[in-house]
Structure formats: structure tokens, C-alpha cells
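*Asks:* Now for the letters of each chain:
2 protein chains.
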Amino acid sequence: MSRALEFWFEFASTYSHVAAQRIEAAAERAGVPLVWRVFLLGPIFQRQGWNDSPFNLYPAKGAYMWRDMERLCAKHAIPFRRPSRFPRNGLLAARVALAAEREPWIGRFVRAVYLGNFAEDADIADPKRVRGWLEAAGCPRPDSLLERAGSGEIKDRLRARTDDAIARGIFGAPTFVVGGELFWGNDRMEDALAWRS
Amino acid sequence: MSRALEFWFEFASTYSHVAAQRIEAAAERAGVPLVWRVFLLGPIFQRQGWNDSPFNLYPAKGAYMWRDMERLCAKHAIPFRRPSRFPRNGLLAARVALAAEREPWIGRFVRAVYLGNFAEDADIADPKRVRGWLEAAGCPRPDSLLERAGSGEIKDRLRARTDDAIARGIFGAPTFVVGGELFWGNDRMEDALAWRS
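In order, the protein sequence lines correspond to chains P and H. Letter 68 of the first sequence, counting from 1, is numbered 54 in our numbering, and no numbers are missing. Letter 19 of the second sequence, counting from 1, is numbered 5 in our numbering, and no numbers are missing.
Derived from the structure by calculation, the hints contain no laboratory data. Nothing false has been slipped in among the hints.
No farther apart than 20 Å at their CA atoms in a straight line, the calculated lysine to any residue pairs in the SDA-like style are these:
#, chain 1, residue 1, chain 2, residue 2
1, H, 47, H, 57
2, P, 47, H, 42
3, H, 61, P, 181
4, P, 61, H, 177
5, P, 47, H, 150
6, P, 47, H, 37
7, P, 114, P, 77
8, H, 47, P, 33
9, P, 61, H, 176
10, P, 47, H, 48
11, P, 47, H, 174
12, P, 47, H, 177
13, H, 47, P, -8
14, H, 47, P, 153
15, H, 47, P, 35
16, H, 47, P, 37
17, P, 47, H, 26
18, P, 47, H, 173
19, H, 47, P, 154
20, P, 47, H, 29
21, P, 47, H, 38
22, H, 47, P, 174
Note that this is a predicted model, so its numbers are computed, not measured.
With the sequences and hints as input, model every part of the structure.
*Replies:* Take a look at the structure:
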């Protein structure tokens, strides 16, 4: 039995969109159990002295990233449209994903939020939108899940999750973790899934 | 006939080592003419407000990179040892590479400098070392090439080259350029070689 692969993602992250659309099917093909690990990049970037996405702070890097995303999504047949706002506030979606992390429909929900952000130019902070994605994903009680997502317990767990990311040396998204081994970026998904030693 | 691929590299860059060891054989296999384009990242980083490598400025990113380099070089069977100094001063080697860019032995020289930096922990700013790598690469007159590398003409051309990198939107190394299309990072080499439209 293969060791589990943890998929650490942040809803505002462009390359996490590409990875999120691919990871569930790829892990299944590889026979690797998948563990969803939503977290927030904002507090990590702030510790690095950034008050915005590095793609906004460094314009050449940002211009490249948007073009690279177009090519990459075309290559993988993943829907993509550059959003009118970047980065979007993914806090609500992250709390919901944390509350639902072990549900069998979590993959469908995560993919729907990313498609909202990076293909449909939707406001992922809008509770009505999030509720719709929950319903479409197969969540049996969207309203009670949304309520739980706003609880102190989930807020605390999301803060602890992000502290855990920092403690493990995570500095960007997506990051794959296998055993103690970190793999950063959608480009490393295949290496992470194949990691054995 | 395929369009040429420009390989933009900086001798202090870790991931350029991986790309430099692979690019000549990969371009040959793909039937893509290869154009060597040495440049300096220092002035580009300074414009972004960095006075050191981002791998030193952001320790989590740096710790990850060194581990990633170990895994990546093992995967590609490329010699690698973490150097005792990083980043090393690649100015002399860059001037020499610029003076020799169209020589048939340029690939051997570039690979030797990278192996010096990232496998042998050698000082790539040492003229004796650089002379040795020139000789081993097949340069017929290493002394006159070293003299030319120190000329005002080459110094000016290296400055213009780095300005050209900035004008094209290059912000890191390695970068591959095909037509007007930029591909950043060793991970994008295959996509760059396959780029057609």
C-alpha cells in the first residue's frame, strides 16, 4: 500500500487550480491515497514581507504566470479565464473545505470553487455561490455545513492548519507532502505521486 | 525546420545547472536549433528590490530548493553537491561564455562551469579554473579568449544582454525563448522544445 499524499492548496492560488483539477484522478491512477489539506497563503506571505501576491508585487513574474496558465490549462484541457480580480478572498471557501475535508464529495467542491475563480470569474467569497457549489458537489446539508464553517472551532483549526504549513516548511501552493518530503508546484505532482523511498 | 530555441542562463542559478546539462542533447533529439544566451540575474533581482538570491532571502524557499535539487539531479543522473558558497560570482564565466557563444564547444564549456559550481564546489570566478574549463572544452586559444572576455566590448555586450533580458520580460533563470514565447524554469524545457504555434 502506498503512503498517502497530502495535497496542500489555497483557493486564491492559480497553479493550485491546475493541480486541483488533476489530483484526484492522478492519485487514483497511481494507487495513492489522497488527503486534502486546505490552508491560507496570506499569513505565510506576510511573514515573507509581502502584503499581496508575488505575481502582483513582481509584474514581470505576474505577466509570465498569466500566459503560462493559459498554455498549461490548454495543455491539460482545463477551463481557464483570467479573473477580473486577483487574488480573490478564499477565506470562506477555505473554512468550508476544512469542515468538509473528509467528505467523499470534497474533490468535487474544491474543483468547483477553482473553476468559479479561474474559469467563471465568480466571487468565491459569496456565500450564495459557495452554497451552490456545495449542493452541486453532493453535500446533503449545505446550510448546516456553512454554519459549521463559520464556527470558532473551524476558524481555530484553519489557523492551526496554516501554522502547521509553516512548521513543515511550506511556502507556496500547491504543495504535495509524502512522508516528510515536500514537492512544490503543479509541476511536481507526478514526482510526488511516484515518490517511494 | 523548427524555430530556434534561446536558452537564457546565469552561472549562479541552481536550476540553470540542471537545464544546462540537459539542453544540448534534448534540442538535438527534438531537431530544434539551440542559441546560447548567457545573462546576469543580479541587476534583475536588484530591480525587484533583492540584494541576494531569493533562496537566501526566503529561507523556507531556499531549504526546499536544495532538497529539490538533490532529487532532481538524482532523477536526471546529473552530478550535484551543495556548494559551500551560494550564489557564486559568475561574472567572469559569463563574459567568457558571451565571447564564445557561437563556438562549437560552447556547450562543453557551459556544462563544465556548472559542474564546477554545483558538483565540485569550485570557485567559478577563478581565472585559472575558467582557463582549465576552456581548454578541456576544446577552445584552441584560451588565453586570447580570456583577454577578449575582459575587453570593454564584451563588458558592454553583457550589460546590453541583461537589458535585453529585462525588455523581453525575463525575471529568472533558466528561461527558454521560442519566437516571442517565454518558458521559465528547467521544468518547462520540454514544453519549450515542443512549442510550435
